[in-house]
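Asker: If you read the sequences in order, they're chains A and B.
Following the working numbering from start to finish, the first sequence increments by one per residue and tops out at 249.
Following the working numbering from start to finish, the second sequence increments by one per residue and tops out at 235.
Calculated from the structure, these hints are not laboratory results.
Glycine included, every Cβ here is placed at the ideal spot set by N, Cα and C.
One or more of the hints may lead you astray.
Chain B stretches covered by chain A per the calculated footprint, using a threshold of three residues with CB under 8 angstroms from any CB of chain A [what the hints assert, rightly or not]: (1) 5-11; (2) 59-71; (3) 85-95; (4) 105-112; (5) 187-195.
FRET-style restraints, in silico, Cβ to Cβ [unchecked claim]: (6) A:P51 - B:I205: 56 to 62 angstroms; (7) B:R192 - A:I62: 27 to 33 angstroms; (8) B:R192 - A:D116: 37 to 43 angstroms; (9) B:P90 - A:P77: 24 to 30 angstroms.
Residues of chain B placed beyond 12 angstroms of chain A at every Cβ, according to the derived structure [to be verified]: (10) Y118; (11) T127; (12) S136; (13) S154; (14) Q156; (15) I159; (16) I205.
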Amino acid sequence: MKLTLRIWRQKSPNDQGRLVSHQLDDVSEHMSFLEMLDVLNEKLLAEGQEPIAFDHDCREGICGTCSMVINGVPHGPERATTTCQLHMRKFRDGQTITVEPFRAKAFPVIRDLVVDRGSFDRVIQAGGFISANTGGAPDANAIPIAKGEADVAMDAAACIGCGACVAACPNASAMLFVAAKVVHLTHLPQGQPERAARVREMVRTMDAEGFGYCSNHFECEAVCPKEISGRFISELNREFRELFWRGKS
Amino acid sequence: MTFLASAWRSSIGAKIVMAVTGIVLFLYAIAHMLGNLQVFIGQDAINAYGVLLRAFPPFLVVARAVLLLSVGLHIIAAIRVTLLNRAARPERYAVRKAQEASLAARTLLVSGVLIATYVVYHVMHFTTRNFATTYSELHDSAGRHDIYSMVVGSFQDPIISIAYIVAMILVAFHLSHGIGGFMQTLGWTHPRYGTRRLGLVIATIIAIGYIAVPVASLLGILELPAGAEMAAGGH
Ligand code: FES
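For reference, chain B alone in the conformation it holds in the complex:
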């Protein structure tokens, strides 16, 4: 364990923590997006997926624990790296002209804080269901929790949708630097192929995958099933 401690103290070690936890969250972002996209297959598919995720309780416990640990370590490493980096340049330049650093790279901390804030709101909305519950507690004809109606019904509210879309753009923004970053940090680079463009491409795909759901709900491409509105209280 001493080598773990000294690795954590070293600059590259802290970066490895940043990268590995970032990858966990990145993979989760992809998995979550693929899960969401099942609303396009239909009510039955996504509701069955919801049952499947809960079919084996230890899986959910472990997945949540890994995610929470990753979020925690990612934030702690970010705070530590930021503070040390501020200390490394105590005096600012009067004139400073960035040559290469992208806006996403320079605002990583800001996008990270905003995303974390949104995630708390998002979990309270859809997972612990503390508010905006009009469509949250419905059940389908098979007696399953009606995730489909919860998602589509919620996203028919433009405010909920816009907040979500903005948050997903921030996620893509964060990832556009983060993906190239973890590849560089872990040494997964190739002399001939750059990693920076790749990050932007993958991040854009992820953003589109997420944003498709609220957009389709707003445009009426995804519709509430017959009876859902009645069940939700006749809105």
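This is chain A alone, in the form it adopts within the complex:
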């Protein structure tokens, strides 16, 4: 395949940044998107140019590191798929592909396609955890959990924290991420002691980090590589509403 790649190049956080076109003539359709970028980087290095900085780690769709917006969609055109699991056969020969970093005030660009998602870590630190006694691991199934509850918790826990929801949201809102983390723990007995504080603190931190407000566009759900449901946002809203009525928001 022949491809024209328009890729965001930005030297440093304060650099202006711009889209730069690169030509790639010999792309195999079996390559993953990241392998294609590897090939491009080899070529740039051979020509004595700076390679493109992009984030990646597991390359098997479980770590959520591979952040980029491909032709206007975070993680590219294939639904429920991370960039590292996206293959070049999803593109046409001769196609022009625009690659940009995730854009949000809370995800500042560090270099090229690499953004700082530390804001997500701070949201988790604010409440996305449970307190547990140390010591030997408890017996499996010692705490009974109803199947339905366990299923909801597992669906929410599928979130890999990649930030595509923020990147896709017209408002750069982190509601789907925060909702997934809250719902995951709210449906388990271990999540109960810190339930109210978790919602309050995670929402407060989310706001303080400069994410936008959800206005129910459901773009997040559409691009989520783990297909986290937008109804979890409704459930987070419900948790927040309870705090509000009890005067604890």
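Chain A is already provided as a structure; the job is to place chain B with the ligand on it using the hints.
Answerer: Chain B with the ligand only, in chain A's frame:
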């Protein structure tokens, strides 16, 4: 009150204000539509309804106060949310492809501003009666304000009718996102049933209910009572 203040500052709190005030206006839209539809029962029904609404003055005062407060808070929350959302994405994408967001959702602010503008015009026309008053000051045989003739007579003017129809389509457009939105924001959702389709259905019904009146007036299905034209000055 501190929890109210902190709720207002929080993103979800602002959304709750948006949702609750939106519901007030949504319910008002339904009530107003049902009121209007009484023109199809006849002159007597709608004129009597007009008297009934004014029979207990405190009701009118409270209703208007609640509506004004809701409109005010809805607009303030909208401005605040919009500004914060713009700030949350300082750099735009060069290429952006919406996956799910409907046109109604993306143009909520535009439809909202247009509706607010129309409402001002509409109140000046029918409530405070500042202009287009040809049929506005008539009385029926029982001596009541003749709302029926005011409505039907006004809507026989195609310009007034078309402006009204366009405004009601905008209302439906705004509501088609708004209804699903307040249900999602207030957590009134069900794992199995979506809210988005529901919004579109209800909004369409409301639009039809409103638009029926000018359409029927234009088509002559609703007619001015005998003598109204004379009383209005022989048009
Ligand atoms: S690199 Fe780990 S999910 Fe893509």
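Asker: Take the hints in turn and mark each one as holding or not.
Answerer: Hint by hint, here is what the structure shows:
Check on the stretch 5-11 of chain B: 5 of its residues sit with their Cβ under 8 angstroms from a Cβ of chain A, so the three-residue criterion for coverage holds. With a cut-off of 8 angstroms between beta carbons, the stretch 59-71 of chain B has 0 residues touching chain A; three or more are needed, and the interface restraint is violated. Only residues whose C-beta sits within less than 8 angstroms of a C-beta in chain A count toward coverage, and the stretch 85-95 of chain B has 10 of them, enough to reach three; the restraint holds. Residues of the stretch 105-112 of chain B lying with their CB closer than 8 angstroms to a CB of chain A number 3, which satisfies the three-residue condition for coverage.
Closer than 8 angstroms: that is the beta-carbon criterion, and the stretch 187-195 of chain B has 4 residues meeting it against chain A, so the requirement of 3 holds. Checked against the given bound of 56 to 62 angstroms, the beta carbons of A:P51 and B:I205, roughly 58 angstroms apart, stay inside it. Distance hint check for B:R192 and A:I62: the Cβ-Cβ separation is about 29 angstroms, which falls inside the suggested range of 27 to 33 angstroms. Distance hint for B:R192 and A:D116: a CB-CB separation of about 39 angstroms, consistent with the stated range 37 to 43 angstroms.
Range check, B:P90 to A:P77: Cβ separation about 26 angstroms, and the 24 to 30 angstroms hint holds. No beta-carbon of chain A comes within 12 angstroms of the beta-carbon of B:Y118; the shortest separation is about 22 angstroms. Even its closest Cβ contact with chain A, about 31 angstroms, leaves B:T127 beyond 12 angstroms, as expected for a residue assigned away from the interface. The claim that B:S136 lies off the interface holds: its Cβ sits roughly 39 angstroms from the closest Cβ of chain A, which is beyond the 12 angstroms cut-off.
For B:S154, the shortest C-beta to C-beta distance to chain A comes to about 36 angstroms, beyond the 12 angstroms cut-off, and the non-interface label holds. Listed as outside the interface, B:Q156 is consistent with that label: its C-beta sits roughly 40 angstroms from the nearest C-beta of chain A, beyond the 12 angstroms cut-off. Residue-level check passed: B:I159 sits 34 angstroms from the nearest beta carbon of chain A, beyond 12 angstroms. Every C-beta of chain A lies more than 12 angstroms from that of B:I205, the closest at about 21 angstroms, which supports listing it as non-interface.
Against the hints set out earlier in the document, a violation occurs for number 2 only.
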